[in-house]
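So the protein sequences, as listed, match chains A and B.
So the first sequence is numbered by this note's numbering: it starts at 1 and just counts up by one.
So the second sequence is numbered by this note's numbering: it starts at 1 and just counts up by one.
Source of the hints: derived by calculation from the structure; they are not laboratory data.
Glycine included, every Cβ here is placed at the ideal spot set by N, Cα and C.
Some hints here could point you the wrong way.
20 Å max Cα-Cα, derived SDA-like pairs, lysine to any residue [to be verified]:
1) B:K309 <-> B:N328
2) B:K309 <-> A:V176
3) B:K160 <-> B:T171
4) B:K340 <-> A:A179
5) B:K146 <-> B:N328
6) B:K160 <-> B:T111
7) B:K309 <-> B:P298
8) B:K309 <-> A:A104
9) B:K309 <-> A:A179
10) B:K160 <-> A:V176
11) B:K340 <-> A:G174
12) B:K309 <-> A:Q126
13) B:K160 <-> A:S180
14) B:K309 <-> B:K160
15) B:K309 <-> A:P49
16) B:K340 <-> A:P49
Facing chain B, from chain A, some residues (calculated, C-beta under 8 Å) [stated by the list, open to error]:
17) L19
18) A21
19) T25
20) G53
21) V55
22) V68
23) R89
24) Q105
25) P106
26) N114
27) G121
28) T135
29) T147
30) S151
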Amino acid sequence: VTAAVACSGEAFEVIGDPLAAPLITIVTRSVDGRAVPVSDLGEIPLVHPPQGGKVVFAGVRARNVTSVLQITASLRDEESGRIVGHEGRPVMLARAPDGWGEPAQPAELSNYANIPACPSGNIAIQRDMYGRSYTLKVRVEDRRGRTAEASVRVVPACAEPAFLEQCRCECAAGYVLGASCVPDGGVVDGGP
Amino acid sequence: MRALGAFLPVTVIVAACSSAPSFTAWTLEELTPAQGFGMRTPIFEVPAGREVQHCYFVDVPDLGGSDIWIGRTVTAINPGSHHMNVFRVRTIVGLDPARGEPFQEGSTRGTVVRDGECFSSANWADWPLVANSQKSNPLDPYTTWKLPDGVAHRFRPGEKLMLQVHYVNATTQRTPFRGRVGINFYKTAEAAPQELGTLFATQQSIRICRSNPTPVFHGTCAMPAGTFHITAVNGHFHSRGRRFRVYSWDGRSDTTPPPESRFYESTTWDDPPMAVGLDVTPPAGGGVWWTCEFEWRPPTVGCDVVNAKDRQGAGDCCYTFGPEVEPNEHCNVFLYYWPKATSDIFCN
Numbered sequence: 001v002t003a004a005v006a007c008s009g010e011a012f013e014v015i016g017d018p019l020a021a022p023l024i025t026i027v028t029r030s031v032d033g034r035a036v037p038v039s040d041l042g043e044i045p046l047v048h049p050p051q052g053g054k055v056v057f058a059g060v061r062a063r064n065v066t067s068v069l070q071i072t073a074s075l076r077d078e079e080s081g082r083i084v085g086h087e088g089r090p091v092m093l094a095r096a097p098d099g100w101g102e103p104a105q106p107a108e109l110s111n112y113a114n115i116p117a118c119p120s121g122n123i124a125i126q127r128d129m130y131g132r133s134y135t136l137k138v139r140v141e142d143r144r145g146r147t148a149e150a151s152v153r154v155v156p157a158c159a160e161p162a163f164l165e166q167c168r169c170e171c172a173a174g175y176v177l178g179a180s181c182v183p184d185g186g187v188v189d190g191g192p
Numbered sequence: 001m002r003a004l005g006a007f008l009p010v011t012v013i014v015a016a017c018s019s020a021p022s023f024t025a026w027t028l029e030e031l032t033p034a035q036g037f038g039m040r041t042p043i044f045e046v047p048a049g050r051e052v053q054h055c056y057f058v059d060v061p062d063l064g065g066s067d068i069w070i071g072r073t074v075t076a077i078n079p080g081s082h083h084m085n086v087f088r089v090r091t092i093v094g095l096d097p098a099r100g101e102p103f104q105e106g107s108t109r110g111t112v113v114r115d116g117e118c119f120s121s122a123n124w125a126d127w128p129l130v131a132n133s134q135k136s137n138p139l140d141p142y143t144t145w146k147l148p149d150g151v152a153h154r155f156r157p158g159e160k161l162m163l164q165v166h167y168v169n170a171t172t173q174r175t176p177f178r179g180r181v182g183i184n185f186y187k188t189a190e191a192a193p194q195e196l197g198t199l200f201a202t203q204q205s206i207r208i209c210r211s212n213p214t215p216v217f218h219g220t221c222a223m224p225a226g227t228f229h230i231t232a233v234n235g236h237f238h239s240r241g242r243r244f245r246v247y248s249w250d251g252r253s254d255t256t257p258p259p260e261s262r263f264y265e266s267t268t269w270d271d272p273p274m275a276v277g278l279d280v281t282p283p284a285g286g287g288v289w290w291t292c293e294f295e296w297r298p299p300t301v302g303c304d305v306v307n308a309k310d311r312q313g314a315g316d317c318c319y320t321f322g323p324e325v326e327p328n329e330h331c332n333v334f335l336y337y338w339p340k341a342t343s344d345i346f347c348n
């Protein structure tokens, strides 16, 4: 273990071999708050975050990197080539028993890139955000400036039981901001 | 109303009072139906050590049966305001105009929800932005914003609007007088204007922690297909915010756009510039990219208050996403463009 404190006052350690090339695999946050691997053409949940809308969470398991990383993640529409959502932020990893770093608090949203998906993505490309494949690309840069990236094709899916109908409405191709998507909890339209 | 700590030192309160500049109450003209319509809040107290957020719900008046096209707005804001935002009310999630108290100020009638659900961010997901201001200047409380020639806001008679006002009278921001906000919407004389569209974007789940003191967050907002002209923008963060930048983005690159693509920068968190009169045209299929740079510093309310709001329980004195100025942080974009796309835009 190599511990360090950057000039900024930030504390971090190196997970793995500090001289070896960084390695990453992409994970997402499951609906029940676990960091789970993302497989090629596997489903990735569209999740209702506190601010509303639906996001896709992208994180990493990583090795030979610092425990604090800057992560950037994007979701690209394969048909048009457009990026429908992109986000970057610092995340923290904790050493797992197998020697890899994984999201320090896997249930917490701040441990992942929060990629905006709905209602922005579907409005932008006029396609459903669910049930279609998109390319999820993740890039990390550690505190020593070392980088790694990985991509995987994913199929976003409305997966939270409490927001299923709202998600399918809010993430649909023809959705217009402010249109009534009565959530499963029972909500009325306050519009004119 | 939210308390920001157990108490504030008496010296701080005295200093706030003794250093307060003089202030002449603002006035806005009362508009005739031929001119447009206005919204006024009552005068309200903002006690020392507190921040208040009120949500005023008002119906757009019927000025003759047809849609109302607005080409100019004038806001007037007592100093101490953290922000005022106007949204169109859509899906009700907690914040419910029907549960507000009736209020009347001049010809403005409606209901008001004070604090409580008015602080909840879950309501904005499908409430299109109309207008906003973060001005807090005792020497000049007015902001006049004329839309580009041939461009106008469109309102339907009976449409419900929500005017949200946030005042802070604490350490990082002070309200030397009482809170009060007004806005006038002036009709355009143009026969067939193009409709203004709005874009509201916010970065969620942000953290600014003692152990990671200079975090940078960035996000993108893709716009629908077509050619759009960005005419105004402002960024919003709290006192840990150091630099807010917004760029035109091609919609395909996943690295920060080149410097020449930047069209907004703010290094002033409590009175950020509102860039108007722009004519930025993102590439077709593109949108905007924004970056918020923060710098942690010891909280004026103490780490215990900040830690209590950290649902991760990290004990790292982390400022987390939220509306309260002292213990929370934001990274929000308010942007105005034309012609309006098939929908207003919200990027979460």
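Here's how the hints hold up against the structure:
1. B:K309 <-> B:N328: Answer holds: K309 (chain B) to N328 (chain B) is near 8 Å, not above 20 Å.
2. B:K309 <-> A:V176: Violated, at roughly 34 Å.
3. B:K160 <-> B:T171: The given pair, whose Cα atoms are some 35 Å apart, is violated under the 20 Å limit.
4. B:K340 <-> A:A179: Distance of about 16 Å is within 20 Å: holds.
5. B:K146 <-> B:N328: The hint is violated at about 33 Å.
6. B:K160 <-> B:T111: OK: K160 (chain B) and T111 (chain B) at ~11 Å, within 20 Å.
7. B:K309 <-> B:P298: holds, 15 Å
8. B:K309 <-> A:A104: holds, 19 Å
9. B:K309 <-> A:A179: violated, 33 Å
10. B:K160 <-> A:V176: Holds: K160 (chain B) and V176 (chain A) sit about 17 Å apart, inside 20 Å.
11. B:K340 <-> A:G174: Holds - the C-alpha atoms of G174 (chain A) and K340 (chain B) are around 16 Å apart, at most 20 Å.
12. B:K309 <-> A:Q126: Violated, at about 38 Å.
13. B:K160 <-> A:S180: holds, 15 Å
14. B:K309 <-> B:K160: The hint is violated at about 33 Å.
15. B:K309 <-> A:P49: Between K309 (chain B) and P49 (chain A) the Cα gap is close to 17 Å, so the pair holds against 20 Å.
16. B:K340 <-> A:P49: The hint is violated at about 27 Å.
17. L19: Status violated, d = 24 Å.
18. A21: A21 (chain A) check fails; min Cβ-Cβ to chain B is 21 Å, beyond 8 Å.
19. T25: This interface hint is violated because 19 Å lies over the 8 Å limit.
20. G53: holds, 4 Å
21. V55: Result: holds, 6 Å to nearest chain B Cβ.
22. V68: Given a least distance of 6 Å, the restraint on V68 (chain A) holds.
23. R89: With a minimum Cβ separation of about 5 Å from chain B (threshold 8 Å), the hint on R89 (chain A) holds.
24. Q105: At about 6 Å, which falls below the 8 Å cut-off, the nearest Cβ of chain B leaves the hint on Q105 (chain A) intact, so it holds.
25. P106: violated, 11 Å
26. N114: holds, 5 Å
27. G121: holds, 7 Å
28. T135: violated, 11 Å
29. T147: violated, 11 Å
30. S151: violated, 11 Å
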